[in-house]
Amino acid sequence: MKYSLRETCDKTFTVMTALSVILLVVILVAVLGPMISKGITAVFFKSTVEFRRMQNDLHDRGSIEKIDEQIAKANIHRDYIYSKIDSFKMGIDTSFFKQKVKQIYRQFGNDLKSNNIKGTELSDRRKVARQIRSDLEKAFASLDKAGIIELIDGIDQHKTDHRITGTVAMGFYDLADQYKAIIKDFDLSKRQQYAESLGQVEDLLIKLYGPRPEDPMPALIMDRYGATRYDLACQLLDKILWKEHWVQQSPDQPMVSTKLPRVADFEGTEIEDIFFYIEDNFQQSIIPKATIYWQYFIDDSTSGHYFGGVGPEILGTLILTVLAMAFVFPLGVVAAAYLVECTTDNIVMKIIRLSINTLAGVPSIIFGLFGLAFFVLFLLPFFGGPSKPCILAASMTLAVLALPVMIRASEEAIRSVPQSYKEASLGLGAGRFRTFVQVTLPAAMPGILTGVILSLSRVAGETAPILFTGACAFGSIPKSLFAQTRTLSYGSYDIAVGDKIGMLVPHKQYGMVVTLVLLIICLNALAIFFRAKIFRRLKGH
Amino acid sequence: MDDTALYNEIKSTTGRNDRSLVLTPFEDLKGFLACHLGRALLFLITCSSVLAVFLIFYFVIRESIPFITHNDISQFLTSQHWYPEAEPAKFGALSIIVGSFYVTIVSLLFAVPVGIMAAVFLSDVVSFKIREFIKPVIEILAAIPSVAYGFFAVLVLSPWLQDKFGFATGTNALNASIVLSIMALPTIISVAEDSISSVGRELREGSYALGATRFETIFKVIIPSAHSGIIAAVILGMMRAIGETMVVWMASGNASQIPTPWWDLSQSVRTMTASIAGEMGETVKGSEHYYSLFTIGVLLLILTFTLNIVSEYFLISAKKKLGKA
Chain A
1 MKYSLRETCD
11 KTFTVMTALS
21 VILLVVILVA
31 VLGPMISKGI
41 TAVFFKSTVE
51 FRRMQNDLHD
61 RGSIEKIDEQ
71 IAKANIHRDY
81 IYSKIDSFKM
91 GIDTSFFKQK
101 VKQIYRQFGN
111 DLKSNNIKGT
121 ELSDRRKVAR
131 QIRSDLEKAF
141 ASLDKAGIIE
151 LIDGIDQHKT
161 DHRITGTVAM
171 GFYDLADQYK
181 AIIKDFDLSK
191 RQQYAESLGQ
201 VEDLLIKLYG
211 PRPEDPMPAL
221 IMDRYGATRY
231 DLACQLLDKI
241 LWKEHWVQQS
251 PDQPMVSTKL
261 PRVADFEGTE
271 IEDIFFYIED
281 NFQQSIIPKA
291 TIYWQYFIDD
301 STSGHYFGGV
311 GPEILGTLIL
321 TVLAMAFVFP
331 LGVVAAAYLV
341 ECTTDNIVMK
351 IIRLSINTLA
361 GVPSIIFGLF
371 GLAFFVLFLL
381 PFFGGPSKPC
391 ILAASMTLAV
401 LALPVMIRAS
411 EEAIRSVPQS
421 YKEASLGLGA
431 GRFRTFVQVT
441 LPAAMPGILT
451 GVILSLSRVA
461 GETAPILFTG
471 ACAFGSIPKS
481 LFAQTRTLSY
491 GSYDIAVGDK
501 IGMLVPHKQY
511 GMVVTLVLLI
521 ICLNALAIFF
531 RAKIFRRLKG
541 H
Chain F
1 MDDTALYNEI
11 KSTTGRNDRS
21 LVLTPFEDLK
31 GFLACHLGRA
41 LLFLITCSSV
51 LAVFLIFYFV
61 IRESIPFITH
71 NDISQFLTSQ
81 HWYPEAEPAK
91 FGALSIIVGS
101 FYVTIVSLLF
111 AVPVGIMAAV
121 FLSDVVSFKI
131 REFIKPVIEI
141 LAAIPSVAYG
151 FFAVLVLSPW
161 LQDKFGFATG
171 TNALNASIVL
181 SIMALPTIIS
191 VAEDSISSVG
201 RELREGSYAL
211 GATRFETIFK
221 VIIPSAHSGI
231 IAAVILGMMR
241 AIGETMVVWM
251 ASGNASQIPT
261 PWWDLSQSVR
271 TMTASIAGEM
281 GETVKGSEHY
291 YSLFTIGVLL
301 LILTFTLNIV
311 SEYFLISAKK
321 KLGKA
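Chains A and F, in that order, give the protein sequences.
Its first residue numbered 1, the first sequence is counted upward by one per residue in our numbering.
Its first residue numbered 1, the second sequence is counted upward by one per residue in our numbering.
Next up, chain A with everything else stripped away, as it sits in the complex:
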């Protein structure tokens, strides 16, 4: 082979190996980058006045006077928008007018009866009122603007009619005038289109500003408040101002989304300017403020994690991991000690080593099956407990899973204690047991702790083993060891795929998983730090 070719091969190979490592770094950034950047917004974000209102209602946080003051300020703008929309709505949906007319007519009839008016006068008065009523109804139902104005003008001629003046029927004229004013710059043929578009705007406004103060309180907590976050509010504003429109550009291509200004729907009407008003007074109507929502880590969440934090999940994860460690720590250390101190290389030891390796290689879902079959269905009923998934079963399952990790780490730690320590202790007359407990174990402790931390991080992240043995997606904070618990790992799964509400609040999804990942990375960083320290110390000797 030519030398230059060999040279090229060598260089290419070196570059490829370097690239593969760079790829690893890229993968790490690609996996963690979006998670952390989005997850962090669960805690650090710009909150709106709705958020402060919610926090005050649910957790009694912040001063109520200040919040009321802010709400009053925001309501100035909101009320203006609402009043404009309400008056415009009357032109679209005349059922309000129709109802009012009926009401007035009935009231008029009752008044006549209670005034003891009888005979021809009664029928005469009724006839006039009925005439006006039917004209008005015709006007409300009509789509012909000129015709409507003619009808209303015709009604107005009755204004001085003595049979009407001074009675409730005067309300007819007010209604007629109001309606005339509304439809003045109103394209009646577009009524349907207006109604549709305005309905969308109103829905979006409810999402942005929350239900109107005079409306009844919705049953779901998530419906009671508007956009609690500035980024969410901006998205809603964008949806209010711009309408999504799907266009088929060519027959085979998928549809393409374009944006059309929504204000075009209302061109020439009286609410045309509220879109500019909403945009110009956006900040004043929601009052954004930078917030650190540290209570995210202790708060319970409302249904579907729409509001609130991951407090119960963190608590559940801690309970499970600590319990599992309590089971596995003594077992692991003793087993490791035995493997290092008391063994001869015989068949029994080979079997023990093989089973530790087997245990380390068993898929995590098998631990789940085992936990279900053994702890939940066999062991708990055997001791008279309830045969259902619970924290105890889950933590014992996790303990079995962590056993090989713990044994291997402790074994390595105990093995790395210099032989001279033991020899010195034995030379001073201490027995083997005493040497181990008072000399070897303390010296190996940092290494064993590293093992504990690594097993903790392994246990905290596992989901499959606790699927059938004690994890649940909803539920209150567990009261006993025989209850199920929420955990960060199962919660991350559930919020990512299980729940449709989760998709509405991406910061909550990412917040949950990032809490888990950061917890585990911190534990691992701690272990790496410990290990480096031990390494330095052992090197020093």
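If a hint is listed, it holds; no wrong ones were tucked in.
Here are some of the chain A residues that sit facing chain F, going by a computed Cβ distance under 8 Å:
{"hint": "1", "residue": "Thr14"}
{"hint": "2", "residue": "Ser355"}
{"hint": "3", "residue": "Asn357"}
{"hint": "4", "residue": "Gly361"}
{"hint": "5", "residue": "Ile365"}
{"hint": "6", "residue": "Leu403"}
{"hint": "7", "residue": "Ile528"}
Simulated crosslink set (DSS-like; lysine-lysine; CA at most 25 Å straight-line):
{"hint": "8", "chain 1": "A", "residue 1": "Lys66", "chain 2": "A", "residue 2": "Lys289"}
{"hint": "9", "chain 1": "A", "residue 1": "Lys100", "chain 2": "A", "residue 2": "Lys190"}
{"hint": "10", "chain 1": "A", "residue 1": "Lys84", "chain 2": "A", "residue 2": "Lys207"}
{"hint": "11", "chain 1": "F", "residue 1": "Lys135", "chain 2": "A", "residue 2": "Lys533"}
{"hint": "12", "chain 1": "A", "residue 1": "Lys533", "chain 2": "F", "residue 2": "Lys129"}
{"hint": "13", "chain 1": "A", "residue 1": "Lys350", "chain 2": "F", "residue 2": "Lys319"}
{"hint": "14", "chain 1": "F", "residue 1": "Lys320", "chain 2": "A", "residue 2": "Lys350"}
{"hint": "15", "chain 1": "A", "residue 1": "Lys89", "chain 2": "A", "residue 2": "Lys145"}
{"hint": "16", "chain 1": "F", "residue 1": "Lys320", "chain 2": "F", "residue 2": "Lys220"}
{"hint": "17", "chain 1": "A", "residue 1": "Lys138", "chain 2": "A", "residue 2": "Lys190"}
{"hint": "18", "chain 1": "A", "residue 1": "Lys180", "chain 2": "A", "residue 2": "Lys102"}
{"hint": "19", "chain 1": "A", "residue 1": "Lys73", "chain 2": "A", "residue 2": "Lys239"}
{"hint": "20", "chain 1": "A", "residue 1": "Lys190", "chain 2": "A", "residue 2": "Lys243"}
{"hint": "21", "chain 1": "A", "residue 1": "Lys89", "chain 2": "A", "residue 2": "Lys102"}
{"hint": "22", "chain 1": "A", "residue 1": "Lys239", "chain 2": "A", "residue 2": "Lys46"}
{"hint": "23", "chain 1": "A", "residue 1": "Lys145", "chain 2": "A", "residue 2": "Lys180"}
{"hint": "24", "chain 1": "A", "residue 1": "Lys118", "chain 2": "A", "residue 2": "Lys102"}
{"hint": "25", "chain 1": "F", "residue 1": "Lys164", "chain 2": "A", "residue 2": "Lys259"}
{"hint": "26", "chain 1": "A", "residue 1": "Lys207", "chain 2": "A", "residue 2": "Lys239"}
{"hint": "27", "chain 1": "A", "residue 1": "Lys289", "chain 2": "A", "residue 2": "Lys38"}
{"hint": "28", "chain 1": "A", "residue 1": "Lys207", "chain 2": "A", "residue 2": "Lys500"}
{"hint": "29", "chain 1": "A", "residue 1": "Lys180", "chain 2": "A", "residue 2": "Lys127"}
{"hint": "30", "chain 1": "A", "residue 1": "Lys2", "chain 2": "F", "residue 2": "Lys220"}
{"hint": "31", "chain 1": "A", "residue 1": "Lys102", "chain 2": "A", "residue 2": "Lys145"}
{"hint": "32", "chain 1": "F", "residue 1": "Lys164", "chain 2": "A", "residue 2": "Lys38"}
{"hint": "33", "chain 1": "A", "residue 1": "Lys113", "chain 2": "A", "residue 2": "Lys100"}
{"hint": "34", "chain 1": "A", "residue 1": "Lys207", "chain 2": "A", "residue 2": "Lys73"}
{"hint": "35", "chain 1": "A", "residue 1": "Lys98", "chain 2": "A", "residue 2": "Lys145"}
{"hint": "36", "chain 1": "F", "residue 1": "Lys220", "chain 2": "A", "residue 2": "Lys11"}
{"hint": "37", "chain 1": "A", "residue 1": "Lys89", "chain 2": "A", "residue 2": "Lys180"}
{"hint": "38", "chain 1": "A", "residue 1": "Lys11", "chain 2": "F", "residue 2": "Lys135"}
{"hint": "39", "chain 1": "A", "residue 1": "Lys190", "chain 2": "A", "residue 2": "Lys84"}
{"hint": "40", "chain 1": "A", "residue 1": "Lys388", "chain 2": "F", "residue 2": "Lys285"}
The hints are simulated quantities; they were obtained by calculation from the structure and are not laboratory data.
Quick reminder that beta carbons are idealized off the backbone N, C-alpha and C, glycines included.
Place chain F on chain A using the hints.
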């Protein structure tokens, strides 16, 4: 200091007043019992891992026996129709088993070359200092919990794939394979690096002295002599991928089918682990479906156990070879 003073001092510090060198028979027996009973107790505790393995096998197999005795096991292994809740129920796990191997093999196609190259880079190309920076990257990749990878697959990778390649669904075999290969990489790298860097210096230097380039040294000398360890690395990576649950459950689409044509990675598949995880929550305890899921578990257990023993064999033979050299 005379003898009496010394005696009193010893008495006051140790709390014992006499210490004869000859043990009484009772003391002797006590010491013997303490030593041997203690040892036996320690041995029993050490055997807890053996007990755990035994219990896992026993209970998983026990729960699968009703299914194995009532159903035709050859049909279970060869039929593609998995309709456990239908009337009559059909338990054909072929497509599920194939799905497991499918995503595992595809993920290894990516993970093995990258993993071995990264291992070579760490052991033969860069200095110790840079290695210290890269090691934590691999450790963090290994530490990220599988549910977080699944989360990444569903919410980040899946929309991206759908967007870039126009797949009908973003949760498909390709997605699951990509994420599985990321998860298998740390295992492959660390085991392969161990075995590559434990190949003796004299082999490398001998090769360089003969005028070989690094490329030639690695491919003709180092990898052949470290092959047992590398095979073990690949098998361990395979075990990681085949036993992984959350990622495949979330990312593979869970359609029980064999992709047709076989190279079409954009189709959804379903794996053994995902079937167990997804269906166990909805079955009635003691139903045929429940037992069938345990049967899948037994298959999985036997599979990983075999792979484990094979990898063990290769690791031991790698150690032996190095011991001889």
